[in-house]
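I would like the entire structure built from these sequences, with the hints used as guidance.
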Amino acid sequence: MKTFLTQFFTWWNSQTLGTRLHTWRYGKRVGQDEVGNVYYEGGIDSEGRTRRWVIYRNYSEASAIPPGWHGWIHHRVDLAPPSDDYKPRDWQKPHQPNLTGTPAAYRPKGSVLTNQHRPQVTGDYDAWTPGS
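Take the sequence shown: its position 83, counting from 1, is numbered 83 in full-length UniProt numbering, and each next residue is one higher.
Treat each hint with caution, since some may be false.
As the list claims (entries may be wrong) - Listed next, with one range per pair, are the computed distances between beta-carbon atoms: (1) Arg29 - Ala127: 14 to 22 Å; (2) Lys87 - Glu61: 20 to 28 Å; (3) Thr129 - Asp78: 53 to 61 Å; (4) His74 - Gly131: 48 to 56 Å; (5) Arg29 - His75: 42 to 50 Å.
Claimed, not checked - Below are the SDA-like pairs computed for lysine to any residue, each with C-alpha atoms no more than 25 Å apart in a straight line: (6) Lys87 - Gly71; (7) Lys93 - Leu113; (8) Lys87 - Val112; (9) Lys87 - Gly123; (10) Lys109 - Tyr125; (11) Lys28 - Ala62; (12) Lys93 - Ala105; (13) Lys87 - Ile73; (14) Lys109 - Gly123; (15) Lys87 - Arg76; (16) Lys28 - Tyr40; (17) Lys87 - Tyr56; (18) Lys93 - Ser46; (19) Lys28 - Pro67; (20) Lys28 - Ser46; (21) Lys93 - Asn58.
Hints are computed from structural coordinates only; laboratory data are not their basis.
Where a beta carbon is used, it is the ideal one built from N, C-alpha and C, also for glycine.
Right, here's the structure in full:
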């Protein structure tokens, strides 16, 4: 019952009730990534391509899609990662989640969220003033 209510009233928890019905009616399961997200395809989108979508394991977070699946879901490649012919490129790095808003987020020197001091201005910069 909790799952049903969560799907009915929220969009950020895995899937909505509408997505569940659409997946049941049109979806063909293509595969699952190492995190537990499940990928589907079925139907035709407005550009005439096969519609592709993902059901997230937990919260709907687009940065949780690994590089191989990202290319497939955005129609950059035709082969999904579970395919026997799929080979990741040499330049593809392992997936890293989006750390924005967490204590591990990047904070440059001088950020108000760090205890570091802002670097001193060198003096080779002249501020613009109107009329000069």
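Subject >> Hint check, failures only >> reply: Numbers 1, 5, 7, 8, 9, 18, in rising order.
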